[in-house]
Each structure stands twice: as C-alpha cells, then as structure tokens.
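Visitor: Here the protein sequences line up with chains A and B, keeping their order.
Note that the numbering used here numbers the first sequence so that position 293 is 293, with each residue one more than the last.
Note that the numbering used here numbers the second sequence so that position 260 is 260, with each residue one more than the last.
No lab work stands behind these hints, which were simulated from the structure alone.
Mixed in with the good hints there might be a few duds.
[Claimed, not checked] Facing chain B, a subset of chain A residues (Cβ under 8 angstroms, in silico): (1) Y17; (2) G22; (3) R26; (4) A27; (5) A30; (6) T79; (7) P81; (8) G84; (9) R85; (10) Q114; (11) F142; (12) F195; (13) V337.
If you're wondering where the values come from, they're calculated on a predicted model, not measured in any experiment.
Built from N, CA and C at the ideal position, the CB exists for glycine as well.
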Amino acid sequence: MRSPRYAIETQALGKSYKRWDGPWSRALEALTAGRRSGHREVVALEDVSFQLAHGGSLGLVGHNGAGKSTLLKLLSQTTSPSAGRFRMSGRVASLLELGAGFHPGFSARQNAFQNAVLLGLSARRARARVDEAIEFAELSEFADEPVGTFSTGMAMRLGFAAAMSVEPEVLLLDEVFAVGDLSFQKKCVDRLSAFRAGGGTLVLCSHALYDIRQMCDEALWLDGGRVRAFGDACEVTHAYAASQQDEEGRQRIESGGASLPTWPRITGAEVVLSHSGLPARAVRTGEDIELRVRWENPDPEGHPVQLGVGFVRGDQTLCAAAATHHDGVSLSGSGGVCTLRLPRLSLLAGSFLVKLWLFDDAGVFRYQETALDHDLVVMGDAREVGLVRLEHSWSVDSKALEPQRTPSDKAEAVS
Amino acid sequence: MPQHVPRAHGGWIGPDRPGPADFVAELWRYPERAVAHRDLVLTWVRREWRARFLGTALGPLWPFVQPLALFVVYAFVFSELFGLRPAAPETSPSLGAVWIFAGVLAWTSFADCAARASTTFLESRNLVQRASFPAELLVLQPVLTSFMTFAVGAAVFLPVAWLVAGVTPSAAHLALAGLLIILHLAWTLGLGLALACAQVVLRDTASLVGVALTVWMFTTPIFWVADPAVLPAIEPWLIWVEANPMHSFVEAWRWVLLGEGAAPFARASLSQDLLRFTPWAFGALCLGLSAARALQGGLSDEVAS
Numbered sequence: 001m002r003s004p005r006y007a008i009e010t011q012a013l014g015k016s017y018k019r020w021d022g023p024w025s026r027a028l029e030a031l032t033a034g035r036r037s038g039h040r041e042v043v044a045l046e047d048v049s050f051q052l053a054h055g056g057s058l059g060l061v062g063h064n065g066a067g068k069s070t071l072l073k074l075l076s077q078t079t080s081p082s083a084g085r086f087r088m089s090g091r092v093a094s095l096l097e098l099g100a101g102f103h104p105g106f107s108a109r110q111n112a113f114q115n116a117v118l119l120g121l122s123a124r125r126a127r128a129r130v131d132e133a134i135e136f137a138e139l140s141e142f143a144d145e146p147v148g149t150f151s152t153g154m155a156m157r158l159g160f161a162a163a164m165s166v167e168p169e170v171l172l173l174d175e176v177f178a179v180g181d182l183s184f185q186k187k188c189v190d191r192l193s194a195f196r197a198g199g200g201t202l203v204l205c206s207h208a209l210y211d212i213r214q215m216c217d218e219a220l221w222l223d224g225g226r227v228r229a230f231g232d233a234c235e236v237t238h239a240y241a242a243s244q245q246d247e248e249g250r251q252r253i254e255s256g257g258a259s260l261p262t263w264p265r266i267t268g269a270e271v272v273l274s275h276s277g278l279p280a281r282a283v284r285t286g287e288d289i290e291l292r293v294r295w296e297n298p299d300p301e302g303h304p305v306q307l308g309v310g311f312v313r314g315d316q317t318l319c320a321a322a323a324t325h326h327d328g329v330s331l332s333g334s335g336g337v338c339t340l341r342l343p344r345l346s347l348l349a350g351s352f353l354v355k356l357w358l359f360d361d362a363g364v365f366r367y368q369e370t371a372l373d374h375d376l377v378v379m380g381d382a383r384e385v386g387l388v389r390l391e392h393s394w395s396v397d398s399k400a401l402e403p404q405r406t407p408s409d410k411a412e413a414v415s
Numbered sequence: 001m002p003q004h005v006p007r008a009h010g011g012w013i014g015p016d017r018p019g020p021a022d023f024v025a026e027l028w029r030y031p032e033r034a035v036a037h038r039d040l041v042l043t044w045v046r047r048e049w050r051a052r053f054l055g056t057a058l059g060p061l062w063p064f065v066q067p068l069a070l071f072v073v074y075a076f077v078f079s080e081l082f083g084l085r086p087a088a089p090e091t092s093p094s095l096g097a098v099w100i101f102a103g104v105l106a107w108t109s110f111a112d113c114a115a116r117a118s119t120t121f122l123e124s125r126n127l128v129q130r131a132s133f134p135a136e137l138l139v140l141q142p143v144l145t146s147f148m149t150f151a152v153g154a155a156v157f158l159p160v161a162w163l164v165a166g167v168t169p170s171a172a173h174l175a176l177a178g179l180l181i182i183l184h185l186a187w188t189l190g191l192g193l194a195l196a197c198a199q200v201v202l203r204d205t206a207s208l209v210g211v212a213l214t215v216w217m218f219t220t221p222i223f224w225v226a227d228p229a230v231l232p233a234i235e236p237w238l239i240w241v242e243a244n245p246m247h248s249f250v251e252a253w254r255w256v257l258l259g260e261g262a263a264p265f266a267r268a269s270l271s272q273d274l275l276r277f278t279p280w281a282f283g284a285l286c287l288g289l290s291a292a293r294a295l296q297g298g299l300s301d302e303v304a305s
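Taking the hints into account, I'd like the entire structure generated from these sequences.
Guide: Right, dumping it as structure tokens:
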C-alpha cells in the first residue's frame, strides 16, 4: 500500500493537552459532554507541516519540551492530534521509550510476542518472529524469565529487537536508539543501516546531533512546539548547535556573567600542520599534525575539566583516542588552547570524525560532546591497507630451514 | 493485515471529533475490530487465564470454589441464623441450596467482571500510552475471562446439582441459552466499558463500584426469594426488585442451569426474563460503546495524568 507519494506527510499538525484543576472539574466536563469545560489547554505542538519521502530519514532536534516527543507520539498514533492532520503509509513501528509497553510479570518471549501482535502481525507470523528477536537481543538464556527481573540494559535490548522484528516500513525512534554495551550498540547501528538500505523510512529524535547527521538526510528543528527549520540534516543541526551556543552566551550576559551557565565548553577546534602552522582539512599519513582545541571554563575551581579526543571512522569504529587525564595533563585556568601533537600520523587513508569530549576531573561526566566541524581526511600511500600504520620493521633469515620446535613442544619436553 | 488506523479518511488522520454517526457505527465497528484483532484479544485472555489459574493446586476447580465459599457463608447466615427459606416449606432444602448456588455463580461472574473492568485502562496505562492499538478492546479481557470462569464453574456445578438435588437442564431452556450468553456478554461488555471509561475520568469510580456491588448483591434475590408469600416484608419493595436487571439475569441463568428445578422459585418464565433483560443489556452496550468512542482519541492523554 504505497500509493501516497510520501511515507509521512503532515499538514498544520498540532497537539494541546488538557489540564484540569482537580477531579471534580474533570468529571463535570465529562458528564456535561464538554459544555462545562474546566480545563486549561497546554500547547505542545503547533502548525507542523512537512513531507518525508519513502526511504527518507528525518532527525528531530530541539530543546527538551520543544515537542519532539509529542510529534513522535502523534505519528505513532498513541495520541491523536488536536489540530491539522497527517498520513503515513506502510507498517509503522515505534520505539518511544525503550521497553515500551512491556508487562513486567510476563516473559521476554510473551512480551515480544504481544509487541508483534500489537503491531498488527498475525499470531502465526508473530510466533515466527519472536525467536529471532530474542536471539538478536542476546537473551536466549532468559527468554522465559519475567521482564521485571531484567536489567535496564536487557529490557532496552529486548525493546529494540522487538520493534525491529516486525519488519517495519516506517520506524519512529525516540532518543536512545543504540542501546546496551558497545558491541550491541554496533549491532543496533548495523541493523538500522540495513533498515535504511532496504528502503525503510526513519524518524529519529536525538540530542546527539552527530547521530542525526550520520543517520538522517533531513532534519526538523522544533522550538517551543513550532517548526524553526526544516531541511538538510547537516545545515539544520549546525544552525541548531549555533543557536544553542548563542543561547548560552546570551544567558551568561543576561545573568551578569555570574551565576547560571558556568559550564565549561569547547569554543573551537582545528587541525594544523606542525611544520607550517597552517590549518588543514586533509593531511597525509606520516605527517606531523596538531589538533588545537580552544576551551573556556568559567569556574575552573568548581569544575576542573579534562579533554578527550577520538578518531571515529564512518562505520562508528573508534580508531584511536587520547585524553588528558590518561596522560597526566590537566586543563587548568579559565580557558585557552589545548594542543594535541600527533607526530608521524599513523592513521591510514580514510575519512575520520574527530570527536571532542570535555570531561570532569575523573573523566566520567561529560560536560560536552562535540566534534570537529569537518571530517579529517587522511590521504595515505595507496599501497598500504588497514586502519593504522603500526610502527614496524622486518627481518628475513632465509637459511633457517630446519623445522623448529614450537614453544608448547618445548614446554612438554621440560615437564 | 489488520492494522489499526483509527479515523482514517483517505489515509488522513486528524483530530478525533466523533459525530452522531460515529457513535452509532460503533455498534458494528467494535465487533469488527474485535474480530480483526482476535489474535491480540486471545493473547490477553490466555495470559489472564494463565495468571489466574495456572500454578494453583486446584486449577480449574477455582471458578467453582470461590462461589462455593461465598455460598457457604451466606447460606449459613441467611438459612441457619435468620431462618430464611428460599421457597415454600414443602420444597426440599437441597433444591433450595442448588438454587441459591446457581444464583451465586451467575452473580460472581458479573461482579468479578465489573470490578476488574473498571480498572482496565488505568492498569494497562503502560500499553495504552506507548502502543498504537484499539485500547477499547482491552475490556474484552475481563469480560471474556469472567465468562470463561463462569462456564467452567457451571460445568463443575451441573453434575453436583444432579447429585445433590437431582436437577438437570431441560432441552427447552438450553435452546434459549445461546441468546442468554449473547445478552450476558453484551451486558458485561457494555457496563465494563462504561466503568473503565468512568474510572479514567473520575478515579473514585473503582472504589464506588466495590461499594455498589455489595449493595447490589444483597438487593438482588440471590439468597432470598422475591415472593411475598415466603418473605412478606418484601411487599412494598417489590416494584424495585422487579426492575433490577440483575434479577432477570440471575433468574435466567437459574432456568438454564437447573431446568425445571428453578420452577418452584421462579417469578416468570425464562423467555419473560430474557425479554426483560434484553433492553438492559442493549442499553448498557450502547452506553459503554458511546463512552469508549467519546474517550477514544484522548484515552492515552487521559490515563497519563
């Protein structure tokens, strides 16, 4: 049923919630069929119009309370709009909060089954999907244990697996889409990539702008329930990030530069070539480069900070990382430039996202997680393959022809 | 593929503002949805059935044991302490006992359903808020499980009644049992939906239902007979007792379960009871479906706060 032109189409969509002063005003309104209304309207979403083509992917960005979750709830039809209209085509699966709709008293298998049946699968097809979902969630051992006894991570894994198992054509994801430990996160990302490659339509809501840029072609920026911008994911997320920084700056000025946002932050970063001191977007393997990060810390006593840098390849592999707290360096003072020198760059050809983290003193809490505004392109010697060039040397001894005893043989001989 | 697309007009989904036609259409759309989502409903019923009886030592005997306990206590209070007899002295006490028991069985099925149904939406809040499905079907879970419980209880009761009092259902009455079952389901579904919706709007409903059920049980002729010849004090209240829909409901089930054994206590024939009960069952169904339809679009918002 792919007759409509778009996978998702909304027209002036709006949602307001009713708030009552107390149980009586609510009951009275119900009894008089709304003629005596005692509620106040709280607008969560207003005049949202956009189209998303089949196979498209849309990221939702905005502050908390901007209406992102409300929009996802409307699209997933768990609540109905109070204005405007929308339509969707294809089977829609949503993962609004992970572990959504799970019954704690019933087993992983029963919950996965119910989830599939809720999404419209027949009992027979649902039963066939359940084992696959349990296996994907790596919960085979616990398939018949009640979900209430699961750890949050396990429930989240089951939630993701159950939502994906129904083979949706449109997928709505709220906030955390890659869940669990790193290897499972990778599995989630791969599954989502496969879903996208297979022509699936994705709507993703996340505070991690990097994820939106990676997973989405388009982005919708919601501000106070209204559309602030809609368009190319990179442009919209950058505009949003910029406005957030402006916002912080404005707040600081308004609050007299004192109390409110005293959070440390990264204000800029660039890669430069060591020999010339010139900024570069593309470098060569073996070159000496430096990464210069400007930071500000309004309260170095209260919030001492540490800087982390990571090089991430397109498939989410973190290839290398360095952090000041690992190397016994600290970012003292209220700001400045922190330089990471990388002599004889050992990364081989590829395009790397340079991730920057501003940690607390212990390297646990992340004040900020950002990235260099462009990927670092490394041009390598075309003959070398792999991820990094290990420092290495060769030696060849062509006379050693007699079969040698292996270390284990020796060990046996000794004992 | 039965997928839930509510209020779709050309695929468009807009604000839910049902008109009069939508309310009327609910009479056939609700059963249609129930059939389309039968797998879902069966999953719920099976789950509830298991939760209730699986793992218990008595298992399927429980639907019989629960009314039995109620019966023993009240039969003792009414018959032994108050010296009340359900019929003229010439009828056998054992016949009186199975007559009371048949009434208790039918009543507990109804009361159980009403009490459970009223909290349905709120208890399934998690599901209602986060998954897209016709939530009004949730009420079928208490309706169907309480009916199944009743059926199992009746299946155990019938041989017992035959052993104790020598009564068996008669073919003439069994022929009307199908109609009674339909009315039973319509009545419990209608009332269940109405109560479940009321509970969402006013959280006091479930507690009120508990109180109302106790009052209703004693004002319905379950442990006593609405016959001034046996119970003279009932005379001035007779018009109210006659109007009570649960009176017809309980009487009708007694006819079906006891056959001619119900005759010495009966005020009317089975068909008369059915005739009196039909408008109540249909009225309750209309009320329940309308309440559910009115709430449908806003249910997930309403259960949240």
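Visitor: Now tell me, hint by hint, if it's right for this structure.
Guide: The hints, checked one at a time:
no.	hint	in the structure
1	Y17	6 angstroms, holds
2	G22	11 angstroms, violated
3	R26	6 angstroms, holds
4	A27	4 angstroms, holds
5	A30	4 angstroms, holds
6	T79	5 angstroms, holds
7	P81	5 angstroms, holds
8	G84	7 angstroms, holds
9	R85	4 angstroms, holds
10	Q114	6 angstroms, holds
11	F142	19 angstroms, violated
12	F195	19 angstroms, violated
13	V337	47 angstroms, violated
The structure shown violates the earlier hints numbered 2, 11, 12, 13.
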